[in-house]
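Q: Letter by letter, the chains look like this.
Protein chains: 2
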Amino acid sequence: MELRVIGSVSSPLTDPAAAPKQGDEGAPEAVLEIAAEFAPGLKDISAGEDVLVLTWLDRADRDVLAVHPRDDATRPETGVFATRSADRPNPIGLHRVRVLDVEGRRLRVDALEAVDGTPVLDLKPVLEAVGER
Amino acid sequence: MELRVIGSVSSPLTDPAAAPKQGDEGAPEAVLEIAAEFAPGLKDISAGEDVLVLTWLDRADRDVLAVHPRDDATRPETGVFATRSADRPNPIGLHRVRVLDVEGRRLRVDALEAVDGTPVLDLKPVLEAVGER
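Here the protein sequences line up with chains G and C, keeping their order. Counting from 1 along the first sequence, just add 11 to a position and that's the residue number in my numbering. Counting from 1 along the second sequence, just add 11 to a position and that's the residue number in my numbering.
It should be emphasised that the hints constitute simulated quantities derived from the structure, not laboratory data. Note that this is a predicted model, so its numbers are computed, not measured. Backbone N, C-alpha and C define an ideal beta-carbon position, used for all residues, glycine too. There may be inaccurate statements among the hints.
To give a feel for the contact side, a few chain G residues facing chain C, derived at Cβ under 8 Å [said to hold, decoys possible]:
(1) 15
(2) 35
(3) 36
(4) 37
(5) 56
(6) 68
(7) 76
(8) 83
(9) 94
(10) 99
(11) 110
(12) 111
(13) 143
Isolated chain G (complex conformation) (with noise of 0.2 Å):
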């Protein structure tokens, strides 16, 4: 169970300490850049789509069980499947992201917090109601 990087998040963000815990949290554009041999995994998505992306978070601390939830010490203790923490045994981070354009296998986004070079494992479309599946 080996994973595939097929591309990596170029963002301004570089300090991961300073990055937004959310996108929704004011996190700036960033460019996914897919890696020739997967790239035409990418045809038929299209700018104003809202895509979920699939990150591997590798600064992250996969021995880490319980964490103090957004870093406050004040709140308890929380086993990390109950958050959102990076740390965790399989630091795979998932993030809602709108497609702002398509340039080849470079994706513009709108807001991700995820830091510059972080790997992409894998994006998925929003699923649509089931009738229009």
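Given chain G, work out where chain C should sit, using these hints.
A: Then chain C, alone, in the frame of chain G:
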């Protein structure tokens, strides 16, 4: 970048071809059995909550980059990242479920389309509104 299996799905579904494509398309209840070493991460997950389950769809074809959506040959071939196909470079399943009850390391959930034995990688809470994080 190697994944750790934190648990597995226990489900009456055994045939992937017969399984619903999404949880809200008639999928049965299932139990997530979390391994003892990761059980401390479950603390603070309770019945009634909606969670995102990440699984590893281990029967997927990882070399596929385009599919006919929903296995419907009349629909044009589409890039896998614009679909929810299990076949994709990193076959990570993403499932939104409601927790029905928690009994030690066993979480019963309302509707999951993953087949029996599917490895579980992660659980995450559904994000609340910004002010309630």
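Q: Hints first: check each against the structure and report whether it holds.
A: Status of each hint after checking the structure:
1. About 5 Å separates the beta-carbon of residue 15 (chain G) from the nearest beta-carbon of chain C, less than 8 Å, and the hint is met.
2. Because the beta carbon of residue 35 (chain G) sits about 6 Å from the nearest beta carbon in chain C, less than 8 Å, this interface hint is met.
3. Evaluation of the residue 36 (chain G) hint against chain C yields a held restraint, the C-beta minimum of about 7 Å falling below 8 Å.
4. The beta carbon of residue 37 (chain G) comes no nearer than 10 Å to any beta carbon in chain C, farther than 8 Å, and the hint placing it at the interface is violated.
5. Here the hint on residue 56 (chain G) is kept, as its CB sits about 5 Å from the closest CB of chain C, short of 8 Å.
6. A least Cβ separation of about 11 Å between residue 68 (chain G) and chain C goes past the 8 Å threshold, and the interface hint is therefore violated.
7. For residue 76 (chain G), the interface hint holds, since its Cβ comes within 8 Å of a Cβ in chain C; the closest pair sits about 4 Å apart.
8. At its closest, the beta carbon of residue 83 (chain G) sits 10 Å from a beta carbon of chain C; the interface hint therefore is violated under the 8 Å criterion.
9. The beta carbon of residue 94 (chain G) comes within 7 Å of a beta carbon in chain C, closer than 8 Å, and the hint placing it at the interface holds.
10. Checking residue 99 (chain G) against chain C: minimum C-beta separation of about 6 Å stays under 8 Å; hint holds.
11. Hint on residue 110 (chain G) is violated. Least Cβ distance to chain C is approximately 10 Å, over the 8 Å limit.
12. The restraint placing residue 111 (chain G) at the interface with chain C is violated, with a minimum CB-CB distance near 16 Å, outside the 8 Å limit.
13. Taken as an interface hint, residue 143 (chain G) does not check out: its beta carbon lies about 12 Å from the nearest beta carbon of chain C, beyond 8 Å.
Hint compliance for this structure: hints 4, 6, 8, 11, 12 and 13 are not met, and every other hint is.
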